[in-house]
Amino acid sequence: MRRKAGSLVPLEVAILEALIQLRRHGTPEAHGFLIASELRAIGDGRRLTAYGTLYKALDRLSESGAIEGRWEDPEIAAADGRPRRRYHRITLAGEAARAAADPNPRPHAATDRGAATS
Amino acid sequence: MRTIDAPDPLAVPGDRSVSVIRAWVALYTRGLPEPFAEERRAVIEAELWDEAEAARWLDETSGLARQRWSRWVRGLPADISWRIESQSKIANLPRRSDVRISKIRLAAIGVVVLLYAVMIVGLMASPSFREWEGMPVATLGLGMSIVGLLLAIPRPQGGFIVGVLGTGLAFLAMPWLFPFFLPLPLVLGYHLVRSQEMTQSSATET
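Order-wise, the sequence lines are chains X and Z.
Here my numbering = 1-based position in the first sequence + 5.
Here my numbering = 1-based position in the second sequence + 17.
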């Protein structure tokens with residue numbers, strides 16, 4: 006099913022909400038797994054969002070300007086002995102989009118299929 | 018992606034989910050411009066690492082493999098959809114310098130088509146060629162070469178393959194005409210490389 010340009014699916018709204026919650030708790034930017042964990046915490050608490058679904062939604066939000074991303078300094082990742090992370094933060098446009106969207110997004114009600122077919 | 022040949026820190030004994038996920042990511046990013054593909058591979062690799070680290074931290078490694086399989090399977094439709102969308106975006110990218118350069122390449126391809134047309138006409142005009150036993154292979158090779166040259170305009174890779182195969186056949190049938198067969202692989206090879214470079218640089222610009 007095609008969606009209107011600029012409209013957000015419930016998962017995308019939930020991601021924006023997760024980024025707002027994380028920022029409120031002192032984490033202004035978050036990597037993919039942290040976002041997935043936060044989505045689980047504010048959702049039904051059972052399953053983590055699928056890899057493909059999560060990164061497709063992040064790509065869409067980034068393209069629409071609702072979030073912006075940056076790659077972590079490779080030296081920090083190397084010092085920790087792990088792969089480099091991509092961090093995401095919500096923008097003013099993202100906050101406005103979140104405010105205009107459904108006040109109670111349910112990330113798992115959105116389902117993985119919901120984001121994939123949008 | 019991992020480059021060190023050491024035990025995989027993400028591995029769970031008896032579980033192949035990480036290698037399957039890596040193979041799948043490599044498959045659905047295959048053929049995309051490298052910045053696109055590399056970015057997707059890198060975020061998934063970081064995600065797998067963070068997921069494994071969190072499971073260790075929370076002492077929940079027993080359910081890690083099942084969780085990975087579940088997240089992978091549920092995300093398959095989104096991966097395929099992402100691939101299709103990425104491919105369309107790349108195909109629609111503006112190519113500012115493509116028109117100017119493609120005129121040069123078009124002219125080069127046109128010259129080689131002319132060369133092959135002259136060869137076919139010249140050879141067909143000769144009664145000994147028409148009666149020669151190698152004539153079908155030579156004609157097929159020359160014909161395929163022309164098809165490859167024309168096909169290369171919209172599809173550089175396909176055109177290159179058909180053109181080089183055709184010229185290879187023609188060369189096998191008529192090795193003494195070797196110098197006339199050299200321009201085709203050179204022109205189509207250059208065209209293929211330039212097309213791929215431009216696709217990649219367009220993707221990088223965006």
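Mixed in with the good hints, there may be bad ones.
[What the hints assert, rightly or not] Calculated Cβ distances over 12 angstroms to all of chain X for the following chain Z residues:
| # | residue |
| --- | --- |
| 1 | 69 |
| 2 | 85 |
| 3 | 98 |
| 4 | 108 |
| 5 | 125 |
| 6 | 135 |
| 7 | 139 |
| 8 | 143 |
| 9 | 164 |
| 10 | 195 |
| 11 | 200 |
[Stated by the list, open to error] Some chain X residues judged to face chain Z by a derived CB distance under 7 angstroms, without partners named:
| # | residue |
| --- | --- |
| 12 | 33 |
| 13 | 37 |
| 14 | 53 |
| 15 | 57 |
| 16 | 58 |
| 17 | 60 |
It is worth saying that the hints were derived from the structure and are not from the lab.
Quick caveat: nothing in here was measured; it's all calculated off a predicted structure.
C-beta: ideal position from N, C-alpha, C; glycine also.
Is residue 143(Z) truly not at the interface, in the sense that its beta carbon sits beyond 12 angstroms from all beta carbons of chain X? holds (61 angstroms)
Beyond 12 angstroms from each Cβ of chain X, as asserted for residue 195(Z): Holds, since 51 angstroms exceeds 12 angstroms.
How about residue 60(X): closest beta carbon in chain Z under 7 angstroms, or not? holds (6 angstroms)
Hey, does residue 164(Z) actually stay past 12 angstroms from chain X on C-beta? It holds; residue 164(Z) is separated from chain X by about 38 angstroms at its closest Cβ, greater than 12 angstroms.
Do the numbers back the hint for residue 53(X), that is, is its least Cβ distance to chain Z under 7 angstroms? holds (6 angstroms)
Closest CB of chain X to the CB of residue 200(Z) still more than 12 angstroms away: holds (43 angstroms)
Is the claim that residue 135(Z) lies outside the interface with chain X correct, judged by CB distances over 12 angstroms? holds (51 angstroms)
Residue hint residue 57(X), partner chain Z, criterion CB-CB below 7 angstroms: Hint on residue 57(X): holds, closest Cβ of chain Z at ~3 angstroms, below 7 angstroms.
Agreement of hint residue 33(X) with chain Z interface, Cβ distance less than 7 angstroms: violated (18 angstroms)
12 angstroms cut-off, C-beta based - residue 69(Z) kept clear of every residue in chain X: Incorrect as stated: the minimum Cβ-Cβ distance to chain X is 10 angstroms, not above 12 angstroms.
Restraint satisfaction for residue 58(X) [CB to CB of chain Z, less than 7 angstroms]: holds (4 angstroms)
Least C-beta distance from residue 125(Z) to chain X larger than 12 angstroms: Holds: least Cβ distance 38 angstroms, greater than 12 angstroms.
The structure fails hints 1, 2, 3 and 12 (numbered hints given earlier, in ascending order).
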